[in-house]
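Student: Quick mapping for you: the protein sequence lines, in order, are chains P and D. Using this note's numbering, the first residue of the first sequence is number 1, and each one after it goes up by one. Using this note's numbering, the first residue of the second sequence is number 130, and each one after it goes up by one.
Hints were generated in silico from the structure; no laboratory data involved. Some clues are possibly wrong.
Label pairs and their calculated CB-CB ranges [claimed, not checked]:
id, chain 1, residue 1, chain 2, residue 2, range
1, D, Thr193, P, Thr65, 37 to 43 Å
2, D, Leu138, P, Asp71, 39 to 45 Å
3, P, Ala69, D, Ser146, 20 to 26 Å
Footprint (simulated), chain D over chain P, 3 or more residues, beta carbon under 8 Å [as the list claims (entries may be wrong)]:
id, stretch
4, 27 to 33
5, 55 to 61
6, 73 to 80
7, 113 to 125
No experiment lies behind these values; they were computed from the predicted model shown. Every residue, glycine too, gets a C-beta built ideally from N, C-alpha and C.
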Amino acid sequence: MALGKIKADTLEHSTAGSLDTQYVVNGSAKAWNCFNGTGTISLRDSLNTASLTDNGLSNFDTNFTNSFANDDYSFQATNQNPSGANPQIMAGTSATSKTTGEFGVRCQNYAGTFSDVDGIMTTVHGDLA
Amino acid sequence: MSEILVNKLTGTSTAGSILVTGEGNSTTTNLQQGLCKMWIHFDGKTGNDIRDSFNVSSAADTGTGRYRYTFSNNMSNFYYSYSVGIGGGSDTSGDENYGSTGATNSANGFTTSTLFTRSRRYDANNYDIDSDTRQIFGDLA
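Required output: the full structure, derived from the provided sequences and hints.
Tutor: Put into structure tokens, the structure is as follows:
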């Protein structure tokens, strides 16, 4: 079967209302991932994430499969500490580690100390190249 | 302007996979993969009620700063990506920035049907908060 292709500006559901397709294109997450940030880091599940780079203690780059049009995308990062003893906060990223091809994340605890955590989750919204 | 009236979108080659051409008019992204599969705005301070949500069947206050959200439709695994936005624990200046928190409970927080969360303030104490918002991206079962 040949691949289908629909061009439309609006999608309308019978009861739930209509949606301009710009929200589908602009509103869909363009990348997300869940990865292990301790020991040998590894992707657990992802969209548009080609690989990870471990730059040292709690210093990770997430590398996109398909690049973004610019580095003005919006990203969120969250983490999980299974022990529950010392929840971490995300330290964000530096200007040099946020490009069209990747962005970096770091985690630190409430004492301001960088530390690796078991689960790191990120989501990116923006324009693909 | 074209318009499609439809209740369900299904891929032709693979039912659960539809590609959307990106803003640059060349690269494609997967529609199903990029959709938010769950979101919630929960009042954890006064009413302990769901203000608005998607794919959430119930919410429970399991302790100070601790909440459990149960999904209407389960995820296929617990390696989904979730984001958090929280605020309004008190009216004291500076208390609004809780940062991200680890999801923790005796079952390590994540399951395919529930998300357990905990919100802490900079002083390392758990706090009930006025607005606990979460979003999940991942694979539906």
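Student: Look at each hint and say if it fits the structure.
Tutor: Hints and how they fare:
1. Thr193(D) - Thr65(P): 37 to 43 Å: For threonine 193(D) and threonine 65(P) the Cβ distance comes to about 41 Å; the hint holds.
2. Leu138(D) - Asp71(P): 39 to 45 Å: violated, 31 Å
3. Ala69(P) - Ser146(D): 20 to 26 Å: The hint (20 to 26 Å, Cβ to Cβ) holds, given that alanine 69(P) and serine 146(D) are roughly 23 Å apart.
4. 27 to 33: holds (count 5)
5. 55 to 61: Violated: only 0 residues of the stretch 55 to 61 of chain P have a Cβ under 8 Å from chain D.
6. 73 to 80: holds (count 5)
7. 113 to 125: holds (count 5)
This entry does not satisfy hints 2 and 5, going by the numbered hints stated previously.
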